[in-house]
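Asker: Sequence:
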Amino acid sequence: MVFCGRPSKGCHACRAKKTKCDAVPTGCTQCSNAGRACPGYRSQTDVIFREETKSVIKKAKVKHEKAKQRTTGSISPSSTTPNSNTSSLCSSRESSSSQRDIVVRTPQPSQIISINYFNITPSIEDKAAAFFLSNYVIGDHGPTRGHLDLLSDLYESNSIDDNLVAAVHAVGLAGYSHSAKAPQLMNQARAQYAKSLQLTNAALQSPIAVKKDSTLLAILILGIFETITGRNQKSMKAWAEHIHGAAAVIRLRGREAIKSKGGIRLLAQVTSSLLTSCLQRDIAIPKYITEMTAFAEKTMTNIDPAWIAQKIMVDYTAFNARYHAGQYTDPDVLLNEAQALDERFLAFYNNVPKGWEHTIIHTNEDPDIVFEGYYHIYHDHWVAQIWNAIAGLRILLNETIRDVLIQDFASASPRLQGAEYASLFQKSTTTIYTLQSDILASIPQHIGYCTSTPHAHPQPHRNPHPQNLNTNFPSSLSSPHSEKFPTLRFSGGYFLIWPLFLVGISRVSTKEVRAFCVRTLKIVGLHMGIQHAFLLARIMEGEVRVTVW
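According to the numbering used here, the sequence shown is numbered sequentially starting from 2.
None of these hints come from the bench; they were simulated from the model.
A portion of the hints provided could be inaccurate.
Subject to a maximum C-alpha distance of 30 Å in a straight line, what follows is the list of computed DSS-like cross-link-like pairs (lysine-lysine) [stated by the list, open to error]:
id, residue 1, residue 2
1, K428, K299
2, K235, K299
3, K128, K235
4, K238, K212
5, K299, K238
6, K262, K299
7, K262, K182
8, K182, K196
9, K196, K21
10, K288, K212
11, K238, K312
12, K182, K238
13, K182, K128
14, K299, K312
15, K260, K299
16, K512, K235
17, K523, K512
18, K523, K128
19, K523, K182
20, K212, K235
Here are the simulated distance ranges between beta carbons [said to hold, decoys possible]:
id, residue 1, residue 2, range
21, T300, G543, 46 to 56 Å
22, A181, R345, 42 to 52 Å
23, H13, N233, 41 to 51 Å
24, T20, P123, 28 to 38 Å
25, D404, L253, 45 to 55 Å
26, S438, E242, 26 to 36 Å
27, K288, R345, 19 to 29 Å
28, P123, N202, 25 to 35 Å
29, D369, I506, 16 to 26 Å
Owing to the predicted nature of the structure, the values given are computational and were not obtained by experimental measurement.
Note that beta-carbon positions come from the ideal geometry of N, C-alpha and C, so glycine has one too.
Starting from the given sequences, assemble the full structure and let the hints guide the process.
Answerer: Here's what the structure looks like:
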């Protein structure tokens, strides 16, 4: 990619007429005064950076051939002498930052003439964007929709606005700052965050810009920034405000916005983040979200399994809100509803969609990473995240069942007597332990210990040294001075922190499980730079009392 200089931000009509354009988001004043509809503006990112590699190489070769024709005498590598005078080739569009992409030395007698190397150096913004795309965007080429995959579509359709570009740069710079051990980049990351926030707030005031996919994605990505950089509960509150802000934008966009596949994917993305916030606060998913979900489903020809799972999760938030609001006066009614919900989750689990299976790997190695001698490998982090979300909600659901039973068992006049209630208590406890193990078994893949499924079909019993094992992974991560961490997606840690927190704070968790969760959260914070992981670990250890939920 070559930086092609800062292009005009004017609309197509103003650029064609070579008149100054004020680039008002809702349509420029010049077009309005001329009585014409403003055709809109180009995506700055797409026109600033162009793929010019072939063009540059072609030009270099032409100049090289001309230089050869002008050269006389013997030419040999042994007589090559560097010359301080150089000429540079760049793309047809002049650029102040890319004038030395390819260097061809001025020919001299008895001197070799060649293109010694390509020195196309990406800017820090390019590196930040690449970091974000490679770490946080998961395409929809797997068994289910991806994570922020609509971003790729927006790039292709030139629909990415400056607020979204700044949000991507903010998260990318923050992650790259940690990955490259360049803490000075955090100042640039925060500046990009502030820029995106300002531009997004301006977009929210526009009846046109507020409905754009770019605006909604920018809000979601600003939330990611809070998670990976926030060191205190204030950042947790800011994250929740971004997520509830995104939900409000969904409402403003209306049903028209979810008639497209992209709109439906954004609705699902917002709902996924909203689930976490609603569970933290023991409130239900807003009614307008459930209504839009029902409307969107009517337009679908094939329903994604993730959509089905998410609907059950949404229904759980409504149940959980009623429970914590004290709306159940009959414990039998509550237990029946809870068991019915758990049966729906279990039915999904027992009818695993194709591509959603996991492989079980048994190993005696690295017990500080692999809990109880085995781990799971899923298609990707996104599929693993959905399974962990289901497991996390089922843990909460079965804890509610246990709490109701314990409260009744300990009362002066217990109502829930008989073998069926004792059996239900035992079943819910066993279920929680099983679900905890499932979440802990997802840790190695999430933190890069292993990278991909070794076989196309799940193999329930495989022994140590699987081919997909990352052998560069340090045997012990207890020291902050571990020299190398394997190549991984930072989104793995991002998806892992809340399921780990749920396991760690569970009332039935053993000391060993809680310690393992705390330690893994610290690994995520240390090696992936996700600061909320440290905060959740401190909450779990009792060092911090939660005040924002």
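Asker: Within 30 Å, alpha carbon to alpha carbon, are K288 and K212?
Answerer: Holds: K288 and K212 sit about 20 Å apart, inside 30 Å.
Asker: Against the 30 Å threshold, does the CA-CA distance of K428 and K299 hold or violate the hint?
Answerer: violated, 37 Å
Asker: Do the beta carbons of H13 and N233 sit within 41 to 51 Å of each other?
Answerer: Given about 46 Å between the Cβ atoms, the range holds.
Asker: Could you tell me whether the CB distance from D404 to L253 stays inside 45 to 55 Å?
Answerer: violated, 38 Å
Asker: Measure nothing beyond the straight line between the CA atoms of K128 and K235; if it is 30 Å or shorter, mark the hint as holding.
Answerer: Holds: K128 and K235 sit about 29 Å apart, inside 30 Å.
Asker: Regarding the pair K523 and K128, is the alpha-carbon distance no greater than 30 Å?
Answerer: Judged against 30 Å, a Cα distance of about 26 Å means the pair holds.
Asker: Starting from K262, check that the Cα of K299 is at most 30 Å away, please.
Answerer: holds, 12 Å
Asker: Quick check on a hinted range of 16 to 26 Å for D369 and I506, using CB atoms only.
Answerer: The hinted range 16 to 26 Å holds for D369 and I506, with Cβ atoms some 21 Å apart.
Asker: For a C-alpha distance cap of 30 Å, please report whether K182 and K128 respect it.
Answerer: The given pair, whose Cα atoms are some 14 Å apart, holds under the 30 Å limit.
Asker: Given the hint that K235 pairs with K299, does the C-alpha gap stay at or below 30 Å?
Answerer: violated, 39 Å
Asker: Could you say whether the range 26 to 36 Å given as a hint is met by the Cβ separation of S438 and E242?
Answerer: holds, 35 Å
Asker: Taking 30 Å as the top limit, are the C-alpha atoms of K262 and K182 close enough?
Answerer: violated, 39 Å
Comparing the model with each numbered hint stated earlier shows that hints 1, 2, 5, 7, 25 do not hold.
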